[in-house]
Structure formats: structure tokens, C-alpha cells
Amino acid sequence: MEALYQLSYSPAIADPTRPTWPVSEVRSYQLCPLQQPHRQPNVEPFRGTGCVPWRPMGSDTSPTSTPASTSPANNQADENVGSTAALPTFRYDAALAAQIETRWQDLWEANGTFNAPNPAGPLADASAVADRPKLFVLDMFPYPSGKGLHVGHPLGYIGTDVFGRYKRMKGFNVLHALGYDSFGLPAEQHAINTGVHPRVNTEENVTNMRRQLRRLGLAHDERRSVATTDEDFYRWTQWVFLEIFNSWYDTDADRARPISELITAFETGEQPTPHGRAWAELSAAEQNTVVDDHRLAYLSEAPVNWCPGLGTILANEEVTAEGRSDIGNYPVFKRNMKQWMLRITAYADRLLDDLDALEWPEAIKIMQRNWIGRSTGATVRFGTSAGDVAVFTTRPDTLFGATFVVLSPEHPLVAELTTADQRSAVDAYVAKAAATDDQDRADDTREKTGVFTGASATNPINGEQIPVWIADYVLMGYGTGAIMAVPCGDQRDFEFATKFGLAIPPIQQPPASWYAEHGIEPTLDTAVWPVAYVGDAPYINSSNTDSSDEGLDLDGITSVAEGKERTNAWLAAQGAGESAITYRLRDWLFSRQRYWGEPFPIVYDADGRPHAVPDHLLPVTLPELEDFRPTAMDPNDDVTDPIPPLARATEWLDVELDLGNGPATYRREINVMPQWAGSCWYELRYLDPTNTEAFVDPEVEKYWMGPKHEGHSGGVDLYVGGVEHAVLHLLYSRFWHKVLFDLGHVSSFEPFYRLFNQGYIQAYAFRDERGQTVEASEVIDTDGVYTHDGEVVAREYGKMGKSLKNIVTPDEMYDEYGADTFRLYEMAMGPLDASRPWNTRDVVGMQRFLQRVWRNMVDEDSGASRVIDAEPSDALRRELHKTISGVDDDMANMRFNTAISKLIELNNALTPETQKLGGTPHEIASAMAIMLSPLAPHMGEELWSRLGNDATVTFEPFPTFDPALLVSDTVTLIVQVNGKVRDRLEVPADISEADAEAAALASAAVQQHTGGNPPKKVIVRLPKLVNIVA
RNA sequence: GUCGAAGUGGCGGAAUUGGCAGACGCGCUGGCCUAAGGAGCCAGUGUCCGAAAGGACGUGGGGGUUCGAGUCCCCCCUUCGACACCA
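So the first sequence is numbered by the numbering used here: it starts at 3 and just counts up by one.
Some hints here could point you the wrong way.
In the PhoX-like style, the derived pairs of lysine-lysine whose C-alpha atoms are separated by at most 20 Å in a straight line are [said to hold, decoys possible]: (1) LYS149 with LYS1026; (2) LYS450 with LYS367; (3) LYS1026 with LYS884; (4) LYS172 with LYS982; (5) LYS172 with LYS136; (6) LYS367 with LYS336; (7) LYS704 with LYS136; (8) LYS172 with LYS884; (9) LYS804 with LYS149; (10) LYS1018 with LYS982; (11) LYS149 with LYS807; (12) LYS710 with LYS136; (13) LYS704 with LYS804; (14) LYS450 with LYS434; (15) LYS982 with LYS1026.
Taking CB as the label site, the calculated pair distances span [as the list claims (entries may be wrong)]: (16) ALA1032 with VAL729: 53 to 59 Å; (17) ARG843 with ASP876: 38 to 44 Å; (18) PHE957 with GLU701: 41 to 47 Å.
The set of hints was computed from the structure by calculation and includes no laboratory data. Computed from a prediction, not measured in an experiment: that's the story for all the values here. We treat Cβ as the ideally placed atom computed from N, Cα and C, and that holds for glycine.
Put together the whole structure using the sequences plus the hints.
This is the structure we're talking about:
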């Protein structure tokens, strides 16, 4: 009944560093000759209870006893033999794949096959590290959702796994691990709903995801799988926060430095104090304030969406257009609140400039550049009755055309500037702007609104008095919150001036082509212009030389760049302005009024000044709570401060400490960090997950992430994840990494050297007549007509997810096809960086491929090897070497879809020869097993083992090819007439141009198409093509 | 509106440098095997004309460069993604 394998063993492989399976485990496994349940309608599908699936004998302490292996008795297979006698017993199908896959997964785990050695520390194996290049490959780690995985999630994980496995075969020491981004709102919400601690739910979810991912056969170093909610992990998140807190940005040195050095610099006078007073003259309180104001983590009033009805602050997307909460429909108030801020703006230039050093998709770089939004221009001061109003402009050269000033409704000078007769109009407008949703204010299709303050300002370039207006399209959060309006040269100003009847004097002479484009006769009467003119053109009316010898005359100049430069110089000389740079990027609001996040390692003294919790008291652990709810208040109370959940931890709240001034009582910070915190540095912890002395050993960091040469940024060698993190995560983590770099904790100045965005898996979804989505798996396709429950439904297309009811889970794929088939399908669907539609119907193609490979190597009836000691034909050997060359290249460039095609072609070429020879030549079988193993690792190990190898295929060198076998004696010469293919000739590969031309002209097909006329011209591109121009 | 990516058979896709369009897979058609096939094997499968040989057309549309264009240039259309009054 049980078919035992007779394995033959080759001598142990010479390389002592290559792991070898314990012989007892490899030799003593057996295959269960299971029947194929899906062909027996009345038999339960195989769930592993039939017999012990291929686990190592005598290893009953295996750490991963899955349900599939817990009941070795009760062999159902016996009962089912008769009914399916005609079926091959060892057909490669889902049940057999399940046996093979779980067996190798157990062996990998038991042997720590994918444990990557460090150069130092507890995970060290210096001998294994010494002569090998390294590769740190990283996936964006997942949030452990309660819903588990669908087939869209593992796409990137499989891609990195294939790449990592390939690189191991190329001799690299590969570090690949996956952790969990496990703080966050869903777990907190679940805890609020159920009263169960979020840690419980989070750990359940992590366990489930680990199970789903383990079944995929990912070559991860499990020792490094950290979760951001582990106390051992967030102890170091808190430490990094304190490093940021205890630093300031030295703009001269252009790097962060410890705050202690700032105090020294103040004391010595090297760094001037903000108000110019000597450091020693400042009171202790004043000194503290000055120091705290320089920190990279600082407390500041920041505008937030406060919803007292819910007791929380909401993100913009949680606020409806009516200014109410998405959940509960409570009023939401925009108000200032004291929050932790991180000074990311100090790094704006470096975050921008260092993008050039990175190998990232250009589209992502563009998005980051736009997000940082560096604008160069000038600050110009306009005199008013309430003092100077500074405006920021990118076009100082157009100052002669500035005919009014516009302030943001929130501008601090609004009240003072408004004249009595305009008071009520202005107040009404300001109130209306405050009530207007940010998204509405940002809607450029909306008609311009505004109100005159009654005040005027002096244009410094010509002394003209121009009106001061207020408009909500000017934002307080950008630039200075005030603009100078140049209606002839800026479209928004043009629209505003047109609507309110303000002057639009021309200051540039537009070219004739511009008039033609807009269908108007050339004129300087701007009332006729349909739009503002923006661009290079000669300046007119742009001179003030009449009023002063030191005047500015731009008239006739055609270059905007030159105009800007000269205007800036003039402004600086007059003291009326200076060149300036403004960023769109703002400092990072880092406080959350939540429970399930990292507590801040901060305490406040009696004066309310924040202090760092001493390092030896880290981590500051989350206190246990019964109720994780924020404190809801009167929905209209926009005055009381929020009371975060941690305020309820009364025992924890106050703490007795000696921070150097003797024991005193301090009050803990009750906000927590945002979910981004852990993801800002997690990759560094993978390197050295158990280190209790440091967040990472510098030697270990340098080995895995250090720069490869002068000017190289260092960082992760390959980072793969979705494009949705293009800006926030990737900007925040770059910022943290740069702080750590400045302080000397890491040797790399960027965290992620190479970034790759994998595409999304999309899927068809179906809607009935009422517009409701219906369960996609229940829809029947009849020649393009889709029905659900007999009702015709419409097909659409979208991201796989619960809302579209079009989820397919990996577990379904494991059950129906096996992990290797699933992996191959995901990789074969298309290029890794392209989004692609999921189609379960297509998966079977990859299973058939594996079946055909299996059948060439293993007898389906007996389970015996079909690999024989025979020479392949020359043609097959050439095919093999061509495949090796192509697959190697495809793998190196992450083109896994075409690599798979080439392997299929090789197997298709192999099949007839195997049939003819009665078996597969060892040379082909061996190369096939190795090349297949990055993509279908379980199949790879199984075949490799059956070839008599007792070491894992993981570290087997990737096959090499003989270039001589890639060239053939003859080539197909394409013969074209007028660019159209008319004939194909087999010619010697080294044919001469003259011979090729003669052969082409002699072709009967060519004669027919040229009518025998002599060619006008003949183009020969050896060795492949001749084109005859008739 | 701006920026970015893309558009190739019934479907997913291939064509790395301007040189055989449609590799490979799904689906479909026919055959073999079979008591039976949701298995396997063999053959075919861009469209149109044709019994075939063969021919014409063909990579979103239009124009251009070239001996030769899916690929390069210009204009337009469509889809997807991101950003959006940024002074």
C-alpha cells in the first residue's frame, strides 16, 4: 500500500558551509498514495487525516504540528482505492502538493534554512558572512488585519521571496524577514467594541497571518520577525523619539546635533540667542524655553479637527463636507491644540536633494518632490498702517504689476487693518471662511470670493498705494499667508481682479503666437484678454528709474530668470525684501489621543515643562485599562481639551522620579504616537532583533546597510511595496533615518536605496439592478452574460476587497492548487510592477505546468524516479543553455513572468525527448530543479532531493550556461520586400553580406513581389535581415 | 486643471537595441485515449477573402521620420493613479 522511495545519495557536498539535511530526516519519509478527492464527488477532500504527510520520522517534537498532521491513524485512503483505481496514484495535484509543501516547510523551519548570519552579535556566524556579498531585501510590513490575507496581499512578498531565493543561488547572504505593523486604529476599535484588550486581538491576527504566510513557503528568517507592539520593539521606538527630542538642527553644519551641544554653543556665544541677549543673562526658565524651541521634537499649538461629541481629533477624511463627524454626525471644530510636532521641515532640502542618490521609480521621486514643494522666490514687504505685511512670491520680477494685496482670512493683521466701514463685511467673510471645509476652499472650480478691508498698502517698487483684500484662496499655512496680486501674470489673480473690477495693468508684451492661440488681436488692453499671460516675454512698464538713481529697469528684458535676479538684488539693497525659499512641507503632527500606540517617554514637571524619561526606565509600557474609549463630551463644547484614554490610568499617570534635581512627582504624557512611528525604523530592528544594549549594533547595521562606495547612500538593497506609501511613510522614515545618521547611529544616510512598487491585484465585481454588489464567486458567466441567482448582473472592475465582495483568499488557492501553483500564477500573471486582474480560472495553467514537470521526473503510477543517466540531444542541450541564460537575466531584473515562460518552453521541449528516451536526462532534471526552485520552492526541493541530494537546493549555485551553445550554425534570414516579410531562408550564421543579398534576390517569393525588376536598394543587416526596396 | 502611468487576439500578457507582431498561459475547436472525463496526450486557434495554395489588413485614432515603427516625433481620444487655488 505505501510506496517507499528508494533514494540514492551522492557523496556529501564538499562545501562545509552548505547546510545539509539531517540524514535521518531525509531518508525516512514516505509518501502517502492518496487518491484524488476532487474526482470523487462523495468523498471528503483531503485534509491530511489519511496518513502522516511526509514529515520527518522521529521528529515528533516538530514545532509546527499543523492540524493536517495531528491524527496519524484512521487511514481513509484504503477505503477509497477501489473507486478510483484508474487514476495515477502520484499525480501532482493539490493533495500531493500539500504533502510536499508542508514537509519542506517543516524541514526549513527545523533547520533554520533561511536564517541569515550577522557579522557580530547573537545571530553571528562570521565565517558564513566573510566572503559573500549581502542582500537586504524588504517588504513593506503588513498591518495584522482581522480579515486575514486575500490573494492581493502576497504579490509583493512572493516577488521578494523569488528574488531573494535567486540571489542565494548567486552566492549572496540574503536577509529577508517580515514583521508586523501592529499598533493602530482597527485593533483599538475592536477593543472598544468588545472590551477585550487590543493586544489579545492583535496577537490572534498575527498568528493567523503567520499561518497563511508560512503556507506560502516564504524564505524568511523568522528570528527577525518583530512586531511594533512588542515591548522589546517599542522600547527602541521610544528611544529613537528621545534621540529626536534631544537634538536640534544646526543649519550651518546642516545636520542634527545633540541638544547638549546647543547649550554649550549658547554658553560660549558661538550660537547667538534668538533675542540677542547673552545666555547668562537669561533666567533658567527663559533658557529652557529657548532650548525647547530648538528641539526636533517640540510642543506646539497646531490646528486640529476637534470633535467633542466623540472626544477625539479626526483626520480630514473623517470629516464630512458639512463639517461634521463621519461617525455619529457630531459637530467638528477647527481649533488649535498643544501637540507634539517633529521638525521634518529642517530636513526639507536634504529630503529633496538626496532623492537623486536613490534608485527609485521616477514617478515616486516626483511625488515626493511635489509634496516637499520647494519654491524659490522672494519675500517682499508692503507697508501698511498696521506695519509691514510680508508676502511670498515666486515672481518678484512682476512687482511692477502688483495692483492689490490679498491676505488669508486667518492673517493676524486682518482685524487691525480693517476700516470701520468694512468691519461687518470682513467679520462676516472671516466667519464664513472659518466654517468652510478645507476641501471646499481648495476647490479651484469654485468662483473667487473676497472682501475689501478698506486699507491700503505701499508697493515698495513704485510707492503706489494699492488696496488690501481678503480671500479664502490664500492659505495661512503656506508662505506668509499673504500674497501680492499680479493679475496680468497670474490666472487666479486675473480672475479675482476681473470679478471685483480691479486694475490689470500689463507688464509683459505677450508674443503674437499667444494672441493667435486665444483668437484675439494683439493688444495691451487687458480687458480684452481672456486669461493672464504667464511666461517669458519682454517686460514693459517695469521701470522706476525716474524716481531714483538707484532704480530698477527691467523694460525690454526677455528672461524671467534675469528679471527675478535683478529684482531680488534691488529689493535687498532697499531693505524691502530678500530672496526666500518656501516649502509646502509642514512639520509633522505627532500626537494621537488614542490608546493603542506607543506611549511617549515624556513626563511633565510641575511647571508643565516636558522631560525625557531616563533610558534605564524604558520602555514606558502601556498601562492596562478596562475601557479604551476616548472621553466623549457635550458635542458643542469646543473649549474643553480632549481627555485621551491614558488619562484614566490613574495609578500610572503620576510618577516619582529624580531627574537630577532631587525626587519629584511628574505627570506622564497621555497622548500616544501615531501608527507611523514603528514603521519609521523597523527595518533596522530586523538586523539585530534581540539586542538589549542598542537598537542595532553599528557593526551589524554597517554590514547590511552601509554605503557600498563613496557617495552611495547605503540602505536596504531592495524595498518592495505599494505605491500608496509614496509620500507619507517613505518621507517620515527617511526623516527618522537621517536624524539617526546625523547623530552617528547609522552609517547609511538613506533607509531604502532601491524602491520597487508592485502593482495591485484587481478583480471583477458584479452589481445587480439595484446597484448592490453581489458575491463575485457566485456569479455565473454564460458567454459573456453574467447572472447571479438567475438575475442578470453588471460586471465592473476594481481593487480586490470586502466592499466589492470579490475576495479570493490564499487558503482557497492552497486547498485547490497548492502553494507552488499559487506562487507561480501570481508571478506569471504579468510584470510585478503592473496591476493585473485576478482570474481564478487561469490558475490551473500553472498547476498543469508543474504536473508536466513532475511527470517528466516521477512516474505517476509508481512514484519512482524517471530521471536517467542519459545524454540529452544536442538540440535539447542548446535549449537548456538558452533557457539558463534567459532565466538568469529575467530573474536578475525581476521579470519573473517571462522567466516562467522560458521554463515552460524548456519543459515543453523536454517532454517528447523524455518520452523517447523513457526518462529525463539527469543534466536537464538537475538544472530544471534548481531554476524552478526560486519560483516553486517546494517542488524545487522535492525534485532536488529525488535527484539524490541530501542538502537543500537553497544554496545550490544557479546553473551557468556555455555561450558557445547559444550560437547555432545556421540562422533564419528574414527577407523583406519594401519592409514586408516575403521569405525566410536558413543560411549559415557567418554568411557574408554579398551572399545574403544574392540569396535574398534569388528567392522565388522575392522574384514574384519585385516582378523581376532590379531592386532600387538593398539593406542587409547581418545575420538576420535583408530588405529589398523595389 | 496639472503631473504620472498605460492602451497589443475572446482574456492575462510577450516582443530587452527601430528589424519575423501575438512567446507563454487561459479559453475555444478538432482528434487520440477511455465504460466514463472536470484527467492526460496530439493538432489548430489575430481578422477578413479563399476548398487550398496564397493574399489583404492588423498593436486606441490621425499625421510624420525611416529601407523598415507596437517601439521614435507631433496632435487627439480613452482608462487608471496621484496631486490640486502652493502665491
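Going through the hints against the structure:
Annotation: proposed proximity of LYS149 to LYS1026 is violated, straight-line Cα distance about 56 Å (limit 20 Å). Only pairs whose Cα atoms come within 20 Å are accepted, and LYS450 paired with LYS367 is rejected, the gap being roughly 33 Å. Taking the CA atoms of LYS1026 and LYS884, the gap is near 18 Å; set against the 20 Å cutoff, the hint holds. Under the criterion of a C-alpha separation no larger than 20 Å, the hint pairing LYS172 with LYS982 is inconsistent with the structure, at around 43 Å.
Taken as a hint, the LYS172 and LYS136 pair is honoured in the structure, with Cα atoms around 11 Å apart against an allowance of 20 Å. Using a Cα cut-off of 20 Å, the hinted pair LYS367 and LYS336 is violated, with the two alpha carbons roughly 32 Å apart. For the suggested pair LYS704 and LYS136, the alpha carbons sit about 11 Å apart, so the restraint of at most 20 Å is met. Between LYS172 and LYS884 the alpha-carbon distance is near 18 Å, which keeps this suggested pair within the 20 Å criterion.
A hinted pair counts as satisfied when its Cα atoms are at most 20 Å apart, and LYS804 with LYS149 qualifies at roughly 9 Å. Distance check on the hinted pair: LYS1018 and LYS982 sit about 16 Å apart at the alpha-carbon level, within 20 Å; holds. Proposed proximity of LYS149 and LYS807 is supported: the alpha carbons are some 13 Å apart, at most 20 Å. Simply put, LYS710 and LYS136 have alpha-carbon atoms about 11 Å apart, close enough for the 20 Å limit, and the pair holds.
For the proposed pair LYS704 and LYS804, the alpha carbon gap of about 43 Å is over 20 Å, so the pair is violated. Note on LYS450 and LYS434: the hinted pairing holds, with a Cα-Cα distance of about 14 Å set against a maximum of 20 Å. Proposed proximity of LYS982 and LYS1026 is supported: the alpha carbons are some 14 Å apart, at most 20 Å. Checking the proposed 53 to 59 Å range against ALA1032 and VAL729 shows it holds: the Cβ atoms sit about 58 Å from each other.
At about 39 Å, the CB distance of ARG843 to ASP876 agrees with the hint of 38 to 44 Å. The supplied range of 41 to 47 Å is broken by PHE957 and GLU701, whose beta-carbon atoms lie about 24 Å from each other.
Checked against the numbered hints given earlier, the structure breaks hints 1, 2, 4, 6, 13, 18 and satisfies all the rest.
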